[in-house]
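Number of protein chains: 2
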Amino acid sequence: MKHFAWSLALVLLGFGASVHTAEAGDDSAPAASNVPGAPTPAIHPDRSITFTLEAPDARSVNVAGGDGLGKGPFPMTKGVEGHWSVTTPPAVPGFHYYWFVLDGVSVSDPSSKSYFGYGKETSGIEVPEPGADYYAINPVPHGEVRARWYLSKTTGEWRRALVYTPPGYDGNPKTRYPVLYLQHGSGEDETGWTRQGRAQFILDNLIAAGKAQPMIVVMDRGYAARVGMSEAKIAPGSSPADIKPGFMAFEDVIIHDLIPTIDASYRTVPDREHRAMAGLSMGGMQTLFIGLHHLDMFAYVASLSGPIVADPDSKQPLASTSPALFDTHTAYEGAFSDPGAFNSRVKLLWLGVGTAEPELFRAGIGGAVQALRAAGVRLVYFESHGTAHEWQTWRRDLNDLAPRLFR
Amino acid sequence: MKHFAWSLALVLLGFGASVHTAEAGDDSAPAASNVPGAPTPAIHPDRSITFTLEAPDARSVNVAGGDGLGKGPFPMTKGVEGHWSVTTPPAVPGFHYYWFVLDGVSVSDPSSKSYFGYGKETSGIEVPEPGADYYAINPVPHGEVRARWYLSKTTGEWRRALVYTPPGYDGNPKTRYPVLYLQHGSGEDETGWTRQGRAQFILDNLIAAGKAQPMIVVMDRGYAARVGMSEAKIAPGSSPADIKPGFMAFEDVIIHDLIPTIDASYRTVPDREHRAMAGLSMGGMQTLFIGLHHLDMFAYVASLSGPIVADPDSKQPLASTSPALFDTHTAYEGAFSDPGAFNSRVKLLWLGVGTAEPELFRAGIGGAVQALRAAGVRLVYFESHGTAHEWQTWRRDLNDLAPRLFR
Chain A
9 MKHFAWSLAL
19 VLLGFGASVH
29 TAEAGDDSAP
39 AASNVPGAPT
49 PAIHPDRSIT
59 FTLEAPDARS
69 VNVAGGDGLG
79 KGPFPMTKGV
89 EGHWSVTTPP
99 AVPGFHYYWF
109 VLDGVSVSDP
119 SSKSYFGYGK
129 ETSGIEVPEP
139 GADYYAINPV
149 PHGEVRARWY
159 LSKTTGEWRR
169 ALVYTPPGYD
179 GNPKTRYPVL
189 YLQHGSGEDE
199 TGWTRQGRAQ
209 FILDNLIAAG
219 KAQPMIVVMD
229 RGYAARVGMS
239 EAKIAPGSSP
249 ADIKPGFMAF
259 EDVIIHDLIP
269 TIDASYRTVP
279 DREHRAMAGL
289 SMGGMQTLFI
299 GLHHLDMFAY
309 VASLSGPIVA
319 DPDSKQPLAS
329 TSPALFDTHT
339 AYEGAFSDPG
349 AFNSRVKLLW
359 LGVGTAEPEL
369 FRAGIGGAVQ
379 ALRAAGVRLV
389 YFESHGTAHE
399 WQTWRRDLND
409 LAPRLFR
Chain B
9 MKHFAWSLAL
19 VLLGFGASVH
29 TAEAGDDSAP
39 AASNVPGAPT
49 PAIHPDRSIT
59 FTLEAPDARS
69 VNVAGGDGLG
79 KGPFPMTKGV
89 EGHWSVTTPP
99 AVPGFHYYWF
109 VLDGVSVSDP
119 SSKSYFGYGK
129 ETSGIEVPEP
139 GADYYAINPV
149 PHGEVRARWY
159 LSKTTGEWRR
169 ALVYTPPGYD
179 GNPKTRYPVL
189 YLQHGSGEDE
199 TGWTRQGRAQ
209 FILDNLIAAG
219 KAQPMIVVMD
229 RGYAARVGMS
239 EAKIAPGSSP
249 ADIKPGFMAF
259 EDVIIHDLIP
269 TIDASYRTVP
279 DREHRAMAGL
289 SMGGMQTLFI
299 GLHHLDMFAY
309 VASLSGPIVA
319 DPDSKQPLAS
329 TSPALFDTHT
339 AYEGAFSDPG
349 AFNSRVKLLW
359 LGVGTAEPEL
369 FRAGIGGAVQ
379 ALRAAGVRLV
389 YFESHGTAHE
399 WQTWRRDLND
409 LAPRLFR
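Protein chains in written order, with my numbering: chain A, 9 to 415; chain B, 9 to 415.
Hint data in this document are derived by calculation from the structure and do not stem from the laboratory.
You may find that some hints are simply not true.
Where chains are identical, the list cannot tell them apart; a pair therefore holds if satisfied intra-copy or between any two copies.
Claimed, not checked - In the SDA-like style, the derived pairs of lysine to any residue whose C-alpha atoms are separated by at most 25 Å in a straight line are:
(1) 161 / 142
(2) 86 / 114
(3) 86 / 109
(4) 182 / 149
(5) 161 / 43
As the structure is a computational prediction, the values presented were derived from the model and not from experiment.
The following block holds chain A by itself, in its conformation from the complex (with noise of 0.2 Å):
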């Protein structure tokens, strides 16, 4: 009845509907990830993958993707009827963007749902993980996820954050919430925490076994340009300081638009003792420099897979930045030069890096642990074991760190 269902206005106007009807195998199963009905993106028992794709012309083919897809790109072989196939090697559990390369060119699968990466909708595949529940919608109470629009003075623009409320939140109209902000990655955007992240059936899961506080998560979107401002060009080799103004603007959004929006419009406990900041890579980075500098907003901190950024003024590419650098009495504007009185004021900073991650992020997170360790300054360190710079990593961060927070 869905196929029938979605081609009904095509057949209404007189369109025929192309639908695969390519089967990858009886042992596999289509991802969760495919639009409803696909049968490809298919995943097999030992978790490779075969993928297809209908191209009776096309020259070559090819799939390509996130790390923990394993080393592409994967030649497709064109079979029978221009119908493209390849099955990849066994993939690490989790989600991972995907694309093919048509002919040269990168496109999504039209199998595919697609989620905001890269800067564009890209492909994405869910390969389950045995064992592992803590992110499935499991029959427990469910918050909602809303869409909040408020008008920003920095920007000028409306703004959409996406607000995760608790199973209870309307019907306990006297309680008031904690408040989690929560950021994605560069190149996503506010619907990666719930749409790539499962944060909301993390926290329902959290919350169902007596785990985490019953918390309100708050998502925006990680880009702002001040009003009149122009955006800054892309550049392979970009500097902290070439990043620092949209940082800053965005901090802007963050305590001067966002905050007094959520405060005024849900039930929240509008302290720092109630408030804290988490973001994952660049928004790692975001809450380090956001948080650290307004330690009187927030009172939990916690950077996922976010490079350590040694000097902000820096006119040095990031990825050059050396560990080494990272000088405790002096980082982000000396916030750890007091490790005492850093500890008795901060109630969690938390730091956390995938094991399969690139050094460029392991050794800067690890050397800066060690550092601060080092000088006495608290906080958890989470490794996520055998995940790269990816989604898997993220949520096994926030299922570790939920938990630790508002108590």
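Keeping the supplied structure of chain A fixed, place chain B upon it in accordance with the hints.
Quick look at chain B alone, frame taken from chain A:
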């Protein structure tokens, strides 16, 4: 800065970023439906549109799409460095689906946001209508759009409904609201009315102007298969009898799963006088099929470009149904057989169509309107001038319909 931020992860990981730098001309502006920062598609003052794609190795690229885009497909021309482009004739205002045909394969435009249509993620272009600000995001109080998960006993699956709550919903905890159940068309899903249709902004604007009652709007996914039921095959030429089992399953979802969930979760007025159902195209068919069958549940029924089905058990192709077959005595299980009783029981029957829609829609809906009026059935008939079987028709429809509800 936005450009920069998107590519940060790529930069950090050592990838270069490829970005459109093409300009469509000084008189054009990027479409609001583009991903942020993408300069094309760009819309000229006469509503002609420039599309571009980087495809150095492609042999042919065309643009194709919805009716309002014009009579395509439009062949693109290869310029320097594999830069393909075309400027299409002036388009009809409104939202149009479109796609590229790249060496014979239909693919999404990486510069466009994606919209769920045709059973997959599809590119879309928003062409402004001069003077129309009823669907703009204006400086008025805004409601929220909430994602609500619920377990359907009918299908055995977790389903997601999107729920618009009007401005002031949280601030007036003793106020109860009427509910409009609002369905998308074939090939679309529960996101259609807010992403393509901008229903939340239409309601915000109407409510702010005092033209519509504050109401809750529930948008569900209009497909359902009972537990263990196999999905019907897609077949151009399918008949009402082919459609019926799926519609009946969806009917049970609405009546037995969704309405009880909504009435238990939100401050509704849970009676028929405060409950409406409306839908577009396939959703209009569903509204007449379900709403007229449950006049004990709905006092307001609206079909937006919904094909009229004279006989739900017919095995003739839908597209072949003649308006002459529509018998007001027997249609829809005799719902109209006693026009006086119908008129006193039903607060509103609303039917609409766009004047540029195919004959299939215009003749069927127009014929039913004529027959119903001749029989003495009271109804509102609305024509959207110059618009096709597309979203601009349905935005106008909602803007006409919503003020008539719950009066």
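Right, here's what the structure says about each hint:
1. 161 / 142: Between copies, since 23 Å is at most 25 Å while 38 Å is not.
2. 86 / 114: both (18 Å within a copy, 17 Å between copies)
3. 86 / 109: both (14 Å within a copy, 19 Å between copies)
4. 182 / 149: Classified as both: same-chain Cα gap 19 Å, cross-chain 23 Å, threshold 25 Å.
5. 161 / 43: between (38 Å within a copy, 22 Å between copies)
In summary, this structure violates none of the numbered hints.
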